[in-house]
Amino acid sequence: MAGPFRDEALYLLALGSATTMARLHMAGIAGLRLNPGNVMIGPRGRAFFAPGPRDSEFPSNDVRDWAGVIVFAATGCQVDEEPDFDRLPPALRVVVDECRRSDPAARPTSVDLVRILLGHSTAATAATVDDLLCEAEHRTSPDEPAPYEEALVSMPVWRKPAPYEEGLVSAPVWREPAPYAETLVSTPVWRKPAYLGGVAIGVLVVAVAAGGITMVSAQAARPDTGGVLEAVGRRTAAFHQEGESPKTGERFAADGRLSFDGNAATSYEMKIVCGNAPDPVDVSLAGNDGVADGVPFAADRPDIQACAQYHAPSVRRFSSPYTIKALLDAAGTGVRASGDGRTLTGTALAHRIRGAESADGGTAAEGPIRFSLLLDDAGLPVRLRLDMTSRAHGPMVADTVYRDWRAPAAGEVPNG
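Taking my numbering, the leading residue of the sequence shown gets 129, the next gets one more, and so forth.
I should point out that these hints are in silico values taken from the structure, not numbers from a laboratory. Just so you know, these numbers come straight off a predicted model, no measurement behind them. Careful, some of the hints might be misleading.
Computed beta-carbon distance windows for the label pairs [said to hold, decoys possible]:
(1) Asp532 with Arg228: 45 to 51 Å
(2) Gln433 with Asp225: 49 to 55 Å
(3) Arg513 with Pro536: 25 to 31 Å
(4) Asn391 with Gly507: 18 to 24 Å
(5) Gly522 with Ala233: 29 to 35 Å
(6) Ser500 with Asp225: 48 to 54 Å
(7) Gly377 with Arg470: 31 to 37 Å
(8) Gln433 with Gly469: 40 to 46 Å
DMTMM-like, lysine to aspartate or glutamate: derived pairs with alpha carbons at most 25 Å apart [to be verified]:
(9) Lys453 with Asp431
(10) Lys375 with Asp515
(11) Lys399 with Asp389
(12) Lys399 with Asp431
(13) Lys375 with Asp417
(14) Lys453 with Asp258
(15) Lys453 with Asp532
(16) Lys399 with Asp532
(17) Lys453 with Asp383
(18) Lys399 with Asp383
(19) Lys453 with Asp505
Note that CB positions come from ideal geometry on N, CA and C, so glycine has one too.
Sequences are here, hints too, so could you generate the full structure?
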């Protein structure tokens with residue numbers, strides 16, 4: 129790869145490489161060690177690079193390295209060689225600056241990058257992640273029509289519209305931007321209205337040269353998913369969970385009661401049946417402290433030979449209200465609601481599921497996790513189904529049913 133790139137070539141390179149990176153992150157592959165020497169450019173900005181080791185902890189580092197590749201492409205200099213950042217289009221420079229922030233958590237994800245480069249609002253579009261990446265791949269595909277042809281029609285007749293494209297309209301460059309920026313959330317900075325509104329407008333100007341003259345309608349909006357923990361409040365619930373890994377033939381089931389009050393890890397009193405054990409094992413779990421059949425254990429270091437100890441932390445990971453909130457937050461605008469608003473479905477990347485459990489927040493899965501959440505009229509969880517994959521167990525399914533949500537009875541202490 130060699131710089132400098134300008135205008136359409138730079139925009140397509142940024143979009144193509146961000147899309148490739150997002151696809152790898154979706155597959156649970158991170159730690160790519162991106163640099164100008166290992167990126168190969170195809171027609172219309174299609175980018176190819178060899179992935180590094182599988183490590184779900186480093187997607188934010190990949191985003192930072194992606195910014196360095198774009199800086200080199202635009203200036204011919206590495207970021208540590210004092211490049212002339214003024215050679216970057218203003219909108220793209222703001223994106224690059226956000227990707228190079230010192231706090232990894234404040235950087236946009238690779239999917240957010242694609243969404244921004246396409247000029248879509250993170251709050252207004254209801255596109256799934258796959259829909260979004262497919263649009264980006266169409267945009268950088270050599271089989272796509274010449275740029276000016278997209279300005280002549282609102283949708284190519286040979287292309288089946290993706291669901292989110294139903295809200296798009298063809299727009300001349302002088303039209304006022306749609307007011308979707310007013311609905312964006314306040315943090316982090318790359319989601320702020322002033323930032324994303326300006327970036328979306330700037331990216332749209334660049335995209336015009338690349339053939340994209342579309343603006344996002346303000347009609348599509350994310351379902352209201354922010355009230356799960358508020359609805360649960362300080363309550364306990366009876367639950368039943370079943371888990372299965374078809375690849376290994378491993379199954380487990382748990383019955384009991386969870387207790388939640390928002391100030392500590394969800395606590396559990398339950399019976400677990402798993403492995404070849406004919407009888408259920410009594411398990412208590414509060415914070416990192418567990419007791420299985422009278423034997424103490426640490427939730428973050430369970431005895432893998434003791435089936436109930438091994439599965440107890442997973443029961444919490446797959447059922448805690450904290451996990452439910454983390455799933456909804458990570459899925460973002462990809463959450464879909466049924467007509468009555470009681471069933472929420474979506475896909476979230478495993479490395480972004482960070483529950484607030486004291487010892488073992490998150491899940492053991494890799495790549496995308498598909499979820500379906502059923503709520504009652506009060507917004508309390510009724511059923512949560514997770515479909516996921518891990519290297520150790522292959523495809524996994526965890527299905528939890530909740531009932532009898534209530535305030536703690538006298539003598540009950542939520543969260544241990």
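State the violated hints by number, sorted upward, taking the hints as numbered earlier in the document. Of the numbered hints, 6, 9, 13 do not hold.
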